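Number of protein chains: 2
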Amino acid sequence: MREMSLEGRFFDFKRYLEAKRKKVEVELERLVDGLPKEERVVSALRHSLMSGGKRLRPILCIAAAEAVSRDRSCMDDVFLAGCSLEMIHTYSLIHDDLPAMDDDDLRRGKPTCHVAFDEATAILAGDALLTLAFEVMSSRAGDPEADHCRWLRVVNLVSRAAGACGMVGGQMADMSAEGTKLSLEALREMHSRKTGALIRASVSAGAILAGASRSRLERLEKYAADIGLAFQVADDILDVEGDPAMMGKAAGVDARREKNTYPSLMGPEEARRFARELVGEALNALSSFDERSEPLRAIARYIVERKR
Amino acid sequence: MREMSLEGRFFDFKRYLEAKRKKVEVELERLVDGLPKEERVVSALRHSLMSGGKRLRPILCIAAAEAVSRDRSCMDDVFLAGCSLEMIHTYSLIHDDLPAMDDDDLRRGKPTCHVAFDEATAILAGDALLTLAFEVMSSRAGDPEADHCRWLRVVNLVSRAAGACGMVGGQMADMSAEGTKLSLEALREMHSRKTGALIRASVSAGAILAGASRSRLERLEKYAADIGLAFQVADDILDVEGDPAMMGKAAGVDARREKNTYPSLMGPEEARRFARELVGEALNALSSFDERSEPLRAIARYIVERKR
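Protein sequences, first through last, are from chains A and B. For the first sequence, the residue numbers in the working numbering are 1 to 308. For the second sequence, the residue numbers in the working numbering are 1 to 308.
These aren't lab readings, by the way, just hints derived from the structure by calculation. Be careful, since some hints might not be right.
Chain copies aren't distinguished; within one or between two, either way the pair holds.
[To be verified] With a Cα cut of at most 27 Å, we get these calculated DSSO-like pairs of lysine-lysine:
1) Lys22 to Lys259
2) Lys23 to Lys259
3) Lys307 to Lys37
4) Lys181 to Lys110
5) Lys54 to Lys181
6) Lys23 to Lys110
7) Lys14 to Lys181
8) Lys181 to Lys23
9) Lys222 to Lys110
10) Lys37 to Lys259
For clarity, every value in this text was computed on a predicted model and none was experimentally measured.
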């Protein structure tokens with residue numbers, strides 16, 4: 001899949017995704033290796049964290065930093081932030097899958113955490129991952145070379161995105177809405193919190209650690225809001241039309257649960273058109289960025305074309 | 001209850017505790033007021049957070065700062081940190097009370113969060129409180145007057161204390177040990193993580209925000225380790241001998257669950273002697289501190305004398 005030129009060479013997006021994903025996994029392994037391996041809660045969090053996700057949030061964080069700065073010296077920080085965001089994403093999946101919540105047995109083709117271990121362990125594994133994310137984001141506290149001010153901003157924006165006004169509140173709203181019909185506006189608001197907030201935080205964290213100006217940060221936030229919503233619309237479409245083998249989970253789950261989805265509220269054709277429109281707006285927000293924003297552009301296109 | 005002289009006046013510990021507790025509750029109310037009131041998850045976290053605990057962790061944080069510095073300018077920061085620690089303590093109680101964990105219906109004389117609301121809401125309320133704690137600890141990120149370096153250190157020490165190597169790991173170890181007999185060493189290790197880590201973090205956070213030197217910080221950490229353990233020993237004794245009306249929960253719960261406790265492993269007399277010895281060591285660790293450490297000393301004595 002050869003795409004646009006990036007600094008004179010052809011930009012191979014598939015290779016880019018794969019290279020970043022591998023580096024993120026190495027870094028995640030390193031971070032989890034610091035925990036006591038023999039303990040059950042650590043085995044449980046590792047089971048969920050190292051089960052081969054797309055690593056979209058860390059890759060967005062990295063791509064946003066690359067779009068902002070040619071200076072590679074911030075990249076260690078950017079990987080730390082990206083891994084923290086992946087930990088928070090994984091904790092949210094572990095808790096959402098619990099019997100008291102969405103009660104899912106399968107995730108990425110593997111038993112969910114409470115199935116592979118037990119409910120108490122899964123609750124604690126989620127708690128530990130969320131906490132570890134903040135430990136990682138503050139791990140350079142004792143390093144006089146670190147930019148403590150930027151890191152504290154990152155802690156703040158990530159905690160806002162993950163909390164009651166963001167992801168946690170969105171999950172609550174999603175559960176409360178099961179079986180009732182939402183307006184498109186309410187559906188958009190719910191997703192903007194449940195999945196959108198953390199996607200926006202991923203892009204912002206990378207941009208801040210790379211020293212983005214306020215105006216570039218604003219444009220990247222617009223990009224992130226658009227792709228975050230597009231991602232959810234595409235997810236809803238995949239749930240209706242996707243191949244269970246590719247997705248690692250059953251299809252048609254949303255409909256059986258009477259979840260509000262874009263295809264169910266808009267119709268599938270209109271939902272596909274809406275997703276493409278959002279990607280167009282996301283690309284527009286990057287119009288003043290140079291070729292270093294190519295990975296961000298490719299991610300935007302990938303989000304609506306992916307099969308899982 | 002008039003005690004030692006503090007800066008020339010008599011030190012009224014009961015009044016001190018009451019005054020600080022009230023200020024902490026006002027600050028907690030202010031911090032929670034920023035969340036969307038009408039939402040279920042916010043009502044649930046407020047139910048547990050504002051249900052009248054002793055506020056021991058914030059008060060330790062404040063007293064540690066007072067022991068280190070006469071300068072009141074750090075006190076706003078110290079209250080923020082103290083409230084964050086109370087949020088983390090409360091989240092841990094909400095999750096520990098869940099049916100999959102300790103399955104408790106009553107806490108501080110009120111229905112536990114999952115009884116008053118439901119399991120899913122209680123899981124999310126705990127998640128939201130843990131996340132809010134980090135939002136509060138990073139809330140001065142945009143303030144150029146703030147000491148970002150100190151705050152990032154506080155985020156780091158608190159996240160370490162609350163995570164898999166600290167509180168979460170301790171709760172896992174406690175659950176795994178039910179029905180098996182632990183050695184005294186293993187019991188001490190478990191409590192050092194489950195309750196001790198957050199108590200030590202409370203003292204350290206206050207000391208760091210007040211600008212403690214490394215040697216003073218070390219002595220305060222020794223104090224905190226001793227009172228943290230003494231607190232747990234006293235808790236175990238209260239569970240055997242306490243008045244349920246004073247405690248707001250049933251007595252004898254530990255024995256029915258075959259939990260390992262100090263009275264069960266050492267005998268009640270020896271456990272009481274051990275608690276007093278720990279308090280003596282804690283007071284010793286403060287020997288080079290002046291009269292401003294009187295609140296910390298009074299807290300150490302109070303921990304083994306309290307009735308709830």
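A quick look at each hint next to the structure:
Taking identical chains as interchangeable, the C-alpha atoms of lysine 22 and lysine 259 are never at most 27 Å apart, the minima being 34 Å within one chain and 44 Å between chains. Taking CA atoms no more than 27 Å apart as the test, lysine 23 paired with lysine 259 passes in neither setting, with 36 Å inside one copy and 44 Å between copies. For a Cα distance limit of 27 Å, the shortest separation of lysine 307 from lysine 37 qualifies neither inside one copy, at 35 Å, nor across copies, at 39 Å. Taking the shortest Cα distances, lysine 181 and lysine 110 never come within 27 Å of each other, neither inside one copy (32 Å) nor across copies (35 Å).
For the identical chains of this complex, lysine 54 and lysine 181 are neighbours neither inside a copy (31 Å) nor across copies (44 Å), given an alpha-carbon limit of 27 Å. For the identical chains of this complex, lysine 23 and lysine 110 are intra-copy neighbours only, at 22 Å inside a copy versus 49 Å across copies, given an alpha-carbon limit of 27 Å. For the identical chains of this complex, lysine 14 and lysine 181 are neighbours neither inside a copy (39 Å) nor across copies (55 Å), given an alpha-carbon limit of 27 Å. In the homo-oligomer, the alpha carbons of lysine 181 and lysine 23 never lie at most 27 Å apart, since the shortest distance is 42 Å inside one protomer and 44 Å across protomers.
For the identical chains of this complex, lysine 222 and lysine 110 are neighbours neither inside a copy (35 Å) nor across copies (45 Å), given an alpha-carbon limit of 27 Å. Only between protomers do lysine 37 and lysine 259 lie at most 27 Å apart by alpha-carbon distance; the minimum there is 25 Å, versus 39 Å within a single protomer.
Checked against the numbered hints above, the structure violates hints 1, 2, 3, 4, 5, 7, 8 and 9; every other hint is satisfied.
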